[in-house]
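Number of protein chains: 2
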Amino acid sequence: MALPRQRVTLITLGVGDLTRAEAFYRAWGWTPHPASQDGVRFYQMQGAVLGLFGLSDLAEDQGRPDAVLGTGAMTLAQNMSSPAEVDRVFDDGLRAGAVALKQPQAVFWGGYSGYLADPDGHVWELAHNPYWPLADDGSLTLPASD
Amino acid sequence: MALPRQRVTLITLGVGDLTRAEAFYRAWGWTPHPASQDGVRFYQMQGAVLGLFGLSDLAEDQGRPDAVLGTGAMTLAQNMSSPAEVDRVFDDGLRAGAVALKQPQAVFWGGYSGYLADPDGHVWELAHNPYWPLADDGSLTLPASD
Chain A
22 MALPRQRVTL ITLGVGDLTR AEAFYRAWGW TPHPASQDGV RFYQMQGAVL
72 GLFGLSDLAE DQGRPDAVLG TGAMTLAQNM SSPAEVDRVF DDGLRAGAVA
122 LKQPQAVFWG GYSGYLADPD GHVWELAHNP YWPLADDGSL TLPASD
Chain B
22 MALPRQRVTL ITLGVGDLTR AEAFYRAWGW TPHPASQDGV RFYQMQGAVL
72 GLFGLSDLAE DQGRPDAVLG TGAMTLAQNM SSPAEVDRVF DDGLRAGAVA
122 LKQPQAVFWG GYSGYLADPD GHVWELAHNP YWPLADDGSL TLPASD
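Just so you know, the sequences run in chain order A and B.
Under the working numbering, the first residue of the first sequence carries the number 22, and numbering increases by one thereafter.
Under the working numbering, the first residue of the second sequence carries the number 22, and numbering increases by one thereafter.
Hints were generated in silico from the structure; no laboratory data involved.
Careful, some of the hints might be misleading.
It does not matter which identical chain is meant; a pair holds if it fits inside one copy or across any two.
[What the hints assert, rightly or not] Straight-line C-alpha distance at most 20 Å; calculated SDA-like pairs for lysine to any residue: (1) K123 / P53; (2) K123 / P154; (3) K123 / A56; (4) K123 / D38; (5) K123 / E81; (6) K123 / L39; (7) K123 / L97; (8) K123 / D108; (9) K123 / R109.
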């Protein structure tokens, strides 16, 4: 039986300094899984995994030079239960060493959103979308349309 | 109660041409959710969502010029049940218009992996990892370490 096509099971962030990156994510509340090995860190999410991997190693794995790899055009978001939770997790990120790109604010689509960048320039959005309820484990299933 | 910190609920790909991007993902087996609106496409995954959004809109949303946004340093992977399934989904991707970066092959960590880029340069890895069993719905939970 074929697996569902609409899946992402592993998100890999290429990082310039694995120690720095791990320290940032630890300070932001992320704990590496014991399956992490030398040169790579894995973090269990809901049915998927986030990985940190050296940028040059990642480029070599892709079969091309690391100079061509860039960040920002693919963003990761955490949807939150409230604007207050967006503010809190955003501030936690800044304290952990992230750079603020856009302070959390009410936005045109009716929600509340802010952007920050991790020490390697990977972009995270923290958002509250009142039209998208979250499950207790924090996972997101889109509501049926009207 | 605070939501788990280790979450990604929405992955957004900035795209130069939404029609082209939607056509590519449709040809690769992805069906937009009815909640998709003008200028954005959403795809339901296992507890998370993939979104397509105009690159310049995304840059504006981040509060910076689109010229600084790049791809490739953050990669998305689908873990597969077998090397044969990697080959099949990789070939499907090429037929849909992806560019091969690295043909699927046996790799140093004991698995089988290939890389391709979508029409906007977003990088996908298709991989079989014999040490990481998948659930029936295709989601990934890391095994306990030895």
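Hint by hint, here is what the structure shows:
no.	hint	result
1	K123 / P53	neither (28 Å within a copy, 28 Å between copies)
2	K123 / P154	neither (24 Å within a copy, 39 Å between copies)
3	K123 / A56	neither (34 Å within a copy, 26 Å between copies)
4	K123 / D38	neither (25 Å within a copy, 25 Å between copies)
5	K123 / E81	between (33 Å within a copy, 10 Å between copies)
6	K123 / L39	neither (26 Å within a copy, 24 Å between copies)
7	K123 / L97	within (14 Å within a copy, 25 Å between copies)
8	K123 / D108	within (12 Å within a copy, 41 Å between copies)
9	K123 / R109	within (15 Å within a copy, 41 Å between copies)
Going down the numbered hints, you'll see the structure goes against 1, 2, 3, 4 and 6, while the others check out.
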